[in-house]
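Participant: Below are the chains, spelled out letter by letter.
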Amino acid sequence: MDWSALLLSMKLGGMTVLLLIPAALFAARSLAYRRFWGKPLLEALLTVPLVLPPTVVGYYLLVGLGGRSWIGSTMERLFGQQLVFNFTGLVLASIVVNIPFAVQPMQRAFEAIPQDVRDAAACCGIGYWRALLTVELPLAWPGVLTALVLSFAHTIGEFGVVLMVGGNIPGETKTMAIAIYDSVQAFDFTSAGQMSLFLLLLSVLVLGLAGGLGRGFGRRHDLRRF
Amino acid sequence: MPLFDRLNSKGASSARSIALWAAILLLLAAPGAALSSGNAPASRPNADEPVVAAAADLKFALDEIALAFKRDTGKSVKLIFGSSGTFAAQIRNGAPFQLYLSADEKYVTDLHADGFTRDTGALYALGRIVLIAPSSSSLPVDPTLQGVAARLAKGGIKRFAIANPEHAPYGRCAEEALRKAGLWTRIRSKLVLGENVAQAAQFATCGSAEGGIVALSLAKSPRLAKSATYAVIPTQWHSPLRQRMVLLKNAGPTAHSFYSYLQTPAARAVMRRYGFELPGEVK
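Protein chains in written order, with my numbering: chain A, 1 to 226; chain B, 1001 to 1283.
I should point out that these hints are in silico values taken from the structure, not numbers from a laboratory. Do not rely on the hints blindly, as some may be mistaken.
Here are a few chain A residues that face chain B, going by a calculated C-beta distance under 7 Å [unchecked claim]:
id, residue
1, G66
2, G67
3, Q82
4, F85
5, G167
6, N168
7, I169
8, P170
9, Q185
10, A186
11, F187
All figures in this text were calculated on a predicted structure; none of them were measured in a lab. Idealized CB from N, CA, C, for every residue including glycine.
If we strip away everything but chain A, and leave its shape as in the complex, we get (with noise of 0.2 Å):
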């Protein structure tokens, strides 16, 4: 059992989700309410990651963000290091992958918000923060649950990514995926095994909790009545 990449796991997908469920709320509900010029070509782009080979991402990050990119040098210039082969980049590019994740349950759930209500709380002169604290988040609980869990739970499992923007340096990118990849290429069969079946136990549990925290959440609230 490599602890430290288990570690190195849990630190990722939290870091993923601390930054990027944030970010994807305000993009969620935006997308959930406004019409705009080019909106079906943005709602494209952020649930591409979903389909796109993780390696196809994994490239065009290694590329556009490495040390010979514009963007690569530039960071280096002004932080004295790159975005590719150490854990900032896998942030990044843990961010970018889970976008899809986190953007779509959250934009259904303000979705299923009924106009009328939004209207309701429009007419009782609530603002944009009031409504949306005590009014919309409320009703989409569930959808940002959703999109917290998968986002962590697809991040601890990511590894096609990580492999092509991390460089598998131990304490430092070489995460639990990668460690079990790695296992079976030494023949370390026991300690694969064991890794491999942590993360099962782990995502049966964080996904099974998930459900029946929105569940308990959906009867306490009584949301079929909308």
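Chain A is already provided as a structure; the job is to place chain B on it using the hints.
Facilitator: Chain B only, in chain A's frame:
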């Protein structure tokens, strides 16, 4: 209207949302706590622990040498194994490796020509390839691949593993040996390609392939020796696997001393035990 009830009776609903918020925060707390401890370089116990990128055929030999290095000097290195070609590409894209052990010296000389290394490095070993089959397989294992040829003619080979010849030196040598035996065109459709030679060895011995061509150093590892049989393919059958290592531009003191350590008799003895031929030794 339940919704408006809820908006009005704030007390009850906010208690519920607090409970939910708490659940979410709990989910975030574990990794969040880890974040605070992990990122600062100062918190690392050993700041000078260089990343060494090594060809996959070195997996077991280099693990042993790194252990001895730690015992002898108290310093440690982070070893990562993969295909030489992949590492060369990663170095060109800015990978923070300090020492690179290639299975093919061409990658090293090319990197040097393009200014990524300190010098042209040092030749550290000559690799050998073997035909390998799982102990359970009935594939005859001989140095000149006659068993493979016979079995192939009878349609008895469904899967045969080698490393990817495009970026793994051992894959390229395996291809050369198969061409030399006149089997390449016939066996091509049966090939499973490992990303590197260690993965090829895993494919070749896991039982779903009849066999494969991999590095002698892997065949000699204790884990494989128990479950597979092998035969060393003659040197003349493939171009020499001249394995060269080199320090990269950002190499620190520990990387330097590991580089020197690899050329000591102790390290060379380990390499010899794993079937490598050593530069400067008459064979």
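Participant: Could you check if A186 of chain A really has its C-beta closer than 7 Å to a C-beta on chain B?
Facilitator: holds, 6 Å
Participant: Does the closest beta carbon of chain B sit nearer than 7 Å to the beta carbon of Q82 of chain A?
Facilitator: Where the cut-off is 7 Å and the nearest Cβ of chain B is about 5 Å from Q82 of chain A, the hint holds.
Participant: Closer than 7 Å between Cβ atoms is the bar; does Q185 of chain A clear it against chain B? Give me holds or violated.
Facilitator: holds, 4 Å
Participant: Holds or violated: the hint that F85 of chain A contacts chain B, with Cβ atoms closer than 7 Å.
Facilitator: holds, 5 Å
Participant: N168 of chain A was flagged as interface toward chain B. Is the shortest Cβ-Cβ separation under 7 Å?
Facilitator: holds, 5 Å
Participant: Was the hint right that G66 of chain A lines chain B, CB cutoff 7 Å?
Facilitator: This interface hint holds because 4 Å falls under the 7 Å limit.
Participant: Please check whether P170 of chain A passes as an interface residue: C-beta within 7 Å of a C-beta belonging to chain B.
Facilitator: Where the cut-off is 7 Å and the nearest Cβ of chain B is about 5 Å from P170 of chain A, the hint holds.
Participant: Measuring from the C-beta of G167 of chain A to each C-beta in chain B, is the shortest one below 7 Å?
Facilitator: Cβ of G167 of chain A sits 5 Å from chain B, so the hint holds.
Participant: Would the hint on G67 of chain A be counted as holding, given a Cβ-Cβ threshold of 7 Å to chain B?
Facilitator: This interface hint holds because 3 Å falls under the 7 Å limit.
Participant: Regarding the hint that I169 of chain A lies at the interface with chain B, is the smallest CB-CB distance below 7 Å?
Facilitator: holds, 5 Å
Participant: Minimum Cβ distance from F187 of chain A to chain B below 7 Å?
Facilitator: Holds, because the Cβ-Cβ distance from F187 of chain A to chain B comes to roughly 4 Å (cut-off 7 Å).
When each numbered hint is compared with the structure, no violation occurs for any of them.
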